[in-house]
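Throw the hints in and build the complete structure from the sequences for me.
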Amino acid sequence: MSLRRCSRPLAGALLFAGAVALSGPAAADWFGGGTPQPVEKRVPACDDASVQAKLVKSIASADPRYYGVTVKTLKHIEQSALVDNQDSPLARRYCTARLEFDPLPANLPAGKAPPKNVLFGGEPAPTLPHERFAFYMVEEKAGFVGISWNVEVCISGLDRWRVYDGQCETVRPPPTQ
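Take any residue in the sequence shown, count from 1 to its spot, add 49: that is its number in our numbering.
Hints may be right or wrong, so weigh each one.
Computed Cβ-Cβ distance ranges for the label pairs, DEER-style [said to hold, decoys possible]:
1) 133 <-> 196: 17 to 25 Å
2) 128 <-> 197: 16 to 24 Å
3) 114 <-> 86: 35 to 43 Å
4) 86 <-> 180: 18 to 26 Å
5) 225 <-> 197: 26 to 34 Å
6) 182 <-> 98: 16 to 24 Å
7) 119 <-> 98: 28 to 36 Å
8) 225 <-> 149: 25 to 33 Å
9) 119 <-> 216: 34 to 42 Å
10) 109 <-> 192: 15 to 23 Å
11) 179 <-> 137: 32 to 40 Å
12) 134 <-> 180: 18 to 26 Å
DSS-like cross-link-like pairs, simulated, lysine-lysine; straight-line CA separation at most 30 Å [what the hints assert, rightly or not]:
13) 106 <-> 190
14) 190 <-> 103
15) 106 <-> 90
16) 103 <-> 124
17) 121 <-> 106
No wet-lab data here; the hints were simulated from the structure.
No experiment lies behind these values; they were computed from the predicted model shown.
Just so it is clear, CB atoms sit at the ideal spot from N, CA and C, and this is done for glycine as well.
Right under this line is the structure:
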């Protein structure tokens, strides 16, 4: 067997071991070690600035044909549920917010201003504020390679491709039994 064939599995094993070592305390939780944290500390609050930043970034990075909006403000942020140790051992915080946004013209990609001679008699399109509910879930260990947390967001009425089940069902709390 050549050295090249032997080195590939070894390199993969070293890469995996390095990722586990770099994850530190997060790895201890997966393998049963370490002190368990209360569920409130494992995922940030709905109104936490870092959660709001990830929410806005997620909407902005979506395909313009999917949402096609620019977020102006988030208002009336509320937690609807905090779920732990039900269907999954991971903690999930379910939240709602009223989202105010400016729609983008349908024929323009996100982030570009409309040319002045194209829309509305030579003037740029007026900004028309709209509001909808944003349903979002902050999920533990859903970040890059299972380290940290992540936010999944759905805007009511704008889930055209039914990514979140049309009525944003997958980012809403499960029904109580």
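Would you pick out the hints that fail for this structure and give their numbers low to high? 4, 7, 9, 12
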